[in-house]
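Novice: Here is how the chains run, residue by residue.
Number of protein chains: 2
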Amino acid sequence: DGDVNAGAQKAATCLACHGAEGKSAVPLYPNLAGQHAPYLLHSLQAYKKGERSGGQAEVMKAFVAGLSDQDMEDLSAYYSSLKP
Amino acid sequence: DGDVNAGAQKAATCLACHGAEGKSAVPLYPNLAGQHAPYLLHSLQAYKKGERSGGQAEVMKAFVAGLSDQDMEDLSAYYSSLKP
Numbered sequence: 059d060g061d062v063n064a065g066a067q068k069a070a071t072c073l074a075c076h077g078a079e080g081k082s083a084v085p086l087y088p089n090l091a092g093q094h095a096p097y098l099l100h101s102l103q104a105y106k107k108g109e110r111s112g113g114q115a116e117v118m119k120a121f122v123a124g125l126s127d128q129d130m131e132d133l134s135a136y137y138s139s140l141k142p
Numbered sequence: 059d060g061d062v063n064a065g066a067q068k069a070a071t072c073l074a075c076h077g078a079e080g081k082s083a084v085p086l087y088p089n090l091a092g093q094h095a096p097y098l099l100h101s102l103q104a105y106k107k108g109e110r111s112g113g114q115a116e117v118m119k120a121f122v123a124g125l126s127d128q129d130m131e132d133l134s135a136y137y138s139s140l141k142p
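Residue numbers (my numbering), protein chains in the order written: chain A, 59 to 142; chain B, 59 to 142.
Chain A extracted, bound-state conformation:
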């Protein structure tokens, strides 16, 4: 399972686009705070598997390329734990 505190440590790369508290300042980028962890994990895995294209998908693919399964679980747990 994901570890919230570990996820917080790993989120440094995410916050430029998704906001310091998981609420993005750019409305084309999704808020992540309070989203279901299983959906967040699914989305990260989808980028990694090349199941998403268009929009910022290439950016996300580049970021997730360096993430392990545990990293993705930790990040999902962390963002899910934040107040929406």
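Please note: incorrect hints may appear among the correct ones.
Because identical chains share one entry, a pair is satisfied inside a single copy or across any pair of copies.
Unchecked claim - In silico lysine-lysine, DSBU-like type, Cα no more than 35 Å apart, as pairs: (1) Lys106 / Lys141; (2) Lys81 / Lys141; (3) Lys68 / Lys119; (4) Lys107 / Lys68; (5) Lys81 / Lys119.
None of these hints come from the bench; they were simulated from the model. Note that the coordinates shown come from a computational prediction; the quantities given were computed from them, not determined experimentally.
Based on the hints, put chain B in the right spot on chain A.
Specialist: Leaving out everything else, chain B in the frame of chain A:
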């Protein structure tokens, strides 16, 4: 631009999976309530353009096939207006 009330009328198909108030009971399905409208619209368009696969993408593709651009804007405005 999207019309919140029109979106509410058009959301009958969405709520089975995404919840009556945009909060899904199934954690693999995303909450939509309070998400940025431009991101919601992007996602709907991505399904329509075939830019997403895997998971429930085929289900979403089938639903969005019947939606006009205005429908997608209305739905995005509606779900964005709901309390997260």
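Novice: Against this structure, judge whether each hint is valid.
Specialist: Status of the hints after comparison with the structure:
In this assembly of identical chains, Lys106 and Lys141 lie within 35 Å of each other by CA distance both inside one copy and across copies; the values are 26 Å within and 31 Å between. Both within a single protomer and between protomers do Lys81 and Lys141 lie at most 35 Å apart by alpha-carbon distance, with minima of 9 Å and 14 Å respectively. Both within a single protomer and between protomers do Lys68 and Lys119 lie at most 35 Å apart by alpha-carbon distance, with minima of 16 Å and 33 Å respectively. Both within a single protomer and between protomers do Lys107 and Lys68 lie at most 35 Å apart by alpha-carbon distance, with minima of 20 Å and 32 Å respectively.
In this assembly of identical chains, Lys81 and Lys119 lie within 35 Å of each other by CA distance both inside one copy and across copies; the values are 20 Å within and 27 Å between.
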